[in-house]
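Chain A is already provided as a structure; the job is to place chain B on it using the hints.
Below, each chain spelled out in residue letters.
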Amino acid sequence: MNIMFWIIAVITLGSALLMVLNKNIFHSALFMVVTFLGVAAIYMMLQADFLAAVQILVYGGAITIFIIFGIMLTVRGNMKQTNLFSKNAALAGLVSLALIVINAIMVLMTDWPVSENAPPVETVGHIAELMLTKFIVPFEVVAVLLLVALLGAIIIAKEVKKTS
Amino acid sequence: MIGLNHFLVFSGTLFCIGLFGALAKRNAIAILMGLEVMLTAVNVNLVAISRYVTPEALVGQVFAVFVIAVAAAEVAVGLALIVAIYRNRISVNVEDFDWLKW
Numbered sequence: 001m002n003i004m005f006w007i008i009a010v011i012t013l014g015s016a017l018l019m020v021l022n023k024n025i026f027h028s029a030l031f032m033v034v035t036f037l038g039v040a041a042i043y044m045m046l047q048a049d050f051l052a053a054v055q056i057l058v059y060g061g062a063i064t065i066f067i068i069f070g071i072m073l074t075v076r077g078n079m080k081q082t083n084l085f086s087k088n089a090a091l092a093g094l095v096s097l098a099l100i101v102i103n104a105i106m107v108l109m110t111d112w113p114v115s116e117n118a119p120p121v122e123t124v125g126h127i128a129e130l131m132l133t134k135f136i137v138p139f140e141v142v143a144v145l146l147l148v149a150l151l152g153a154i155i156i157a158k159e160v161k162k163t164s
Numbered sequence: 001m002i003g004l005n006h007f008l009v010f011s012g013t014l015f016c017i018g019l020f021g022a023l024a025k026r027n028a029i030a031i032l033m034g035l036e037v038m039l040t041a042v043n044v045n046l047v048a049i050s051r052y053v054t055p056e057a058l059v060g061q062v063f064a065v066f067v068i069a070v071a072a073a074e075v076a077v078g079l080a081l082i083v084a085i086y087r088n089r090i091s092v093n094v095e096d097f098d099w100l101k102w
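Quick note, the sequences are listed as chains A and B, same order. Under my numbering, the first residue of the first sequence is numbered 1, with each subsequent residue one higher. Under my numbering, the first residue of the second sequence is numbered 1, with each subsequent residue one higher.
These are calculated hints, taken from the structure and not from any lab test. Don't take every hint at face value.
[As the list claims (entries may be wrong)] Here's a subset of chain B near chain A, in silico, CB distances under 8 Å, partners left out:
{"id": "1", "residue": "LEU35"}
{"id": "2", "residue": "MET38"}
{"id": "3", "residue": "VAL53"}
{"id": "4", "residue": "ILE68"}
Just so it is clear, the structure is predicted and the values come from calculations on it, not from any experiment. Every residue gets a Cβ at the ideal spot worked out from N, C-alpha and C, and that includes glycine.
Just chain B, with the same shape it has in the complex:
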């Protein structure tokens, strides 16, 4: 029988795959994609706990809607930043973004 544990391990694994993408990639857009996968995994976690621990309250689903809205805002601003940096440096390689170090 599929229970809460399965969903929590699933969302934790998805989160760590997203984390690996965000940490190990060189392209700034790939890092943004990893972040989106991480946020989605957090949503799965919220909805699973809401479904199994307090099934009648639905508060977890409301939280998940807010997280989705924040994720949409984040990806818009992030891509605008990447496009603006690309215009200056003609690169999206994060190893080229070194204004703050010498």
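The following block holds chain A by itself, in its conformation from the complex:
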């Protein structure tokens, strides 16, 4: 458990960093997949097996395909210099680094009320029960949101015809 956590954490954070630093946006997208799969392994380690499967399906599958479609539809010619830093990269790096340090200090200073109870072995049934009883309204709202996003994406991306 200990060694596995460190290996997975280093792979995940390292590929996230390579995703950000890479100059070729297609390579960035591939490193993003490695990051998502590493996060799925972290979910496994937290005994959230259903979420690990959803992570691989939705992030590793659907969102990656979306992003690669977007890259293929918008980038032309040479791929080598497609993902450069903007003018304020140094400032952004400073802010992110400061936020990492502040977050780590705050987490280590806080006294978390950790419970000793064991998590349930089987999570899918419990999640389904919660979603269809206590969280039924957010569940339906998310269903409507997905439908609206689907229709909105089609309408926005569709070619606008001149009416005159």
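Quick look at chain B alone, frame taken from chain A:
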């Protein structure tokens, strides 16, 4: 022993790497990728706190499922917007998107 602190520092670091990608990149799709990494880091946070603070309740995992659904909707609409803007400007460089300033 790996505990809650390790997972929280991990997810905070992942969030900040995503934030750096979203703030420092020039390509609009790279910014969208940074946003996705940020949302994933938030999910790790929710699941870790759910696992260690209230292990029998699973509410954090339900929240994480909702966040994943919203992230999928967001990336679909975001990419549609980028494709529509690309059609007008033949560019995905966010420094070229300057309709709202002079």
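Minimum beta-carbon distance criterion (8 Å), B:VAL53 to chain A
holds (6 Å)
Does B:ILE68 pass the interface check with chain A, least Cβ-Cβ distance below 8 Å? Because about 5 Å separates B:ILE68 from the closest Cβ in chain A, which is inside the 8 Å limit, the hint holds.
Taking the least C-beta to C-beta distance, is B:MET38 closer than 8 Å to chain A?
violated (10 Å)
Q: Double-check B:LEU35 for me: the hint is only fine if its C-beta lies closer than 8 Å to a C-beta in chain A.
A: violated (11 Å)
Hints 1, 2 from the earlier list are contradicted by this structure; the remaining hints agree with it.
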